[in-house]
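**Q** Take a look at the letters that make up each chain.
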Amino acid sequence: MTGLRTWTAAAALALGLLMPPVSAEAAGSLAESALEWPTWAELLRVISLRDYNTRVVVIGTTLLGAAAGLVGTFLLLRKRALLSDTLSHATLPGIALAFMIMSAAGGEGKSLLGLIAGAAVFSVLGTLSVMAIRRWSRLKDDAALGISLSVFFGLGISLLGIATRMETGNAAGLSSFIYGKTASMLFFDALLITLAALGAALFCLAFFKEFGLICFDADYAATQGWPVGWLDLILMSLVVIVTVIGLQAVGLILVVALLIIPPSSARFWTRRLSVMLWLSGLFGALSGLLGSAVSALMANLPAGAVIVLVAAAFFVLSLFLGTDRGLVRITAERRRLAGRIARENLLRALFEMDEGLPDPKAGFPHPRSHDFETLLAERSWSSKRLRRILSKLISKGLIETRPGDRYRLTASGARAAAEVVRKHRLWEAYLITHADVATAQVDMGADKIEHVLEPEMIRELETLLPEYSNAGMPASPHRFDGPKGGL
Amino acid sequence: MPNSTATERPLFPLEDITVTPPAESPLWIHDLTVAYHRKPVLWDIDLAIPEGRLMAVVGPNGAGKSTLIKAVLGLVPTASGRIKIYGKSYRRQRHLVGYVPQRESVDWDFPVNALDVVAMGLYRKIGWFRPVTRKHRKTAMEALAKVGMTDYADRQINQLSGGQQQRVFLARALVQDARVYLMDEPFTGVDVATERAIVTLLKALKEEGKTCVVVHHDLQTVPDYFDHVALLNMRLVAAGPVREVFTEDNLKKTYGGKLTLLSDALQAYAGDPRLPKGKERGEP
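Residue numbers (my numbering), protein chains in the order written: chain A, 1 to 487; chain B, 1 to 284.
Source of the hints: derived by calculation from the structure; they are not laboratory data.
Check the hints yourself; a few may be wrong.
As a list, the in silico SDA-like pairs of lysine to any residue whose alpha-carbon atoms are at most 25 Å apart [claimed, not checked]:
no., chain 1, residue 1, chain 2, residue 2
1, B, Lys146, B, Ala193
2, A, Lys209, B, Gly74
3, A, Lys423, B, Thr150
From just these sequences and the hints, can you work out the full model?
**A** Rendered as structure tokens:
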């Protein structure tokens, strides 16, 4: 019974999250030992946000995700993704120091605003140290980032050690800033996140044009009189804000994931900056929502980690299914091109065989039928593949079948074939007459290029090769009677 | 002896404020020296370009051709010297200057299309916080038409050929409607169609009385494409009308024997930690 209940709950969850494929028994045994799987009632409570505490946490992390996704888009495009990692690690000494100062001054020491202020100051210091190392040492970016990140983090851990031994104040819970502790989020924290998220969204909208410009071409922006330094400062300030408000929710180690993964996922779906921006915000929000909901359901799962894993799931999904550069689409396009190339090659083979026969009509051979074996010998394709290509061409009405497994170009097929042959011969002639130019400027396989020649290129070829650009069909520039090669 | 000047002049020349920049010259450079990490790249350049000319800047690799353009635009700090656009500093005259950077200077995988990039040339005119409107897009389309790229306006920029990307950059400079155009190697690695488009464009700009300064690497085409030329190899070897200064003698001076002694001495100077730091920025 326990197993069944667990399984249904898990299945419901799997709608939004990739669940590890565990069998009912395995899940049941897990429930007894490690993870506490939620009951239906708990699931319902979380989904309907009936519980006040859950509501605060879920809304807070959702908005945080959205803000990080928006700001992260520009951060990623400005190629500063790793800087945000250094920046977030540098917050730790700030948190520890702020606590020490506040508790020494007599307070409780854990006022969130104070801690956040300390974190913000030190994230700026961390960024400045990167810039200083770069400016005065001639070290490269990666070294400067690595040095700053580790030194500030080490400093933070040391200060944290000192802070826990202080007599005033209660330092317990400070280390939750490292890994994050979403469950401890209060209404005030959520309010802070809401304000910051709204602010970040507003700034991203207001500076959309300006941020886009400095991300694409900062030098050009500078020549136009745009204050690149100030715009960078605003952008990095937004990053600092998102980082410090995200500390409590996902922790300083993982907050960088919220800044980088959503925009990276968004890039797979679009080639428009504006769409990428909103999509990234959406992915960030969904990651925060689903991640914190799952974490609320399962007491032992820390929210920060789950949020990052959900973001990663979106990333993997985008990597494969993305409509702009997803792997599935790229593979499909490659296959489509390969199919088109094969069809064009077959059309050209038929055309040229017709051309070779006696009594062609002027410039335009009379289509004749050829048997399957002859076609098979034309190029190095398997008979199965040739059948597939033939049936596709037949369904397009470019080839018709004749009795005895023979095939013939239709009238429209002959026209299409003539077009292909013409492109091919123009290209061949170009390679032969201007080969020295071509090898320097063309790095694709020469036999593939004719299939992707654009109209502009064809016009160009025609002006380059006036003797081939007459209205009729140019003769093949090379004549040899051996077996046909790759071209 | 070209390197005899080294002994007569101070190592980093002082600015000569007694010379008044002419207000009618689109680009006037006086005593310009630029150094990267104390290693001089440009040395004591004096150059005045008359209006309405097409000037090629030629010289061997590392001669400082791009640096010259970047110094004019304020993208690299100058060690000394004055640069004036129509008699005033670049900061006050930027609206008069169109810049075409090297194609390799940006990441072409950026999520924008050709029209978006061209519209960037209008951002200054559009101003802070205002969006690009249909009117601006129309202007950008007209600029694209001038470089023969109307059909590619919606094309993602990484799906353009190198030459087409170059033409997008040209169009971005054109929408500014500047009076001086500075172009950094626009002819490098482009196809024939683009080369012809750029030449046509240059002639058209000249017709309109605009001035173009073009970093160029192909010596053969200099007399065909340009009327003025500046021969540069760290220092300015010669500058003026092509038929006067584009001589074998000057070319030999530019490309032939390197200024060995001078550059060796400066190298040694730059590397020696005991010597005082050379100025990298600002006034002397």
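**Q** Against each hint, give a clear statement of whether it holds in the structure.
**A** Right, here's what the structure says about each hint:
no.	hint	result
1	B/Lys146 / B/Ala193	13 Å, holds
2	A/Lys209 / B/Gly74	23 Å, holds
3	A/Lys423 / B/Thr150	23 Å, holds
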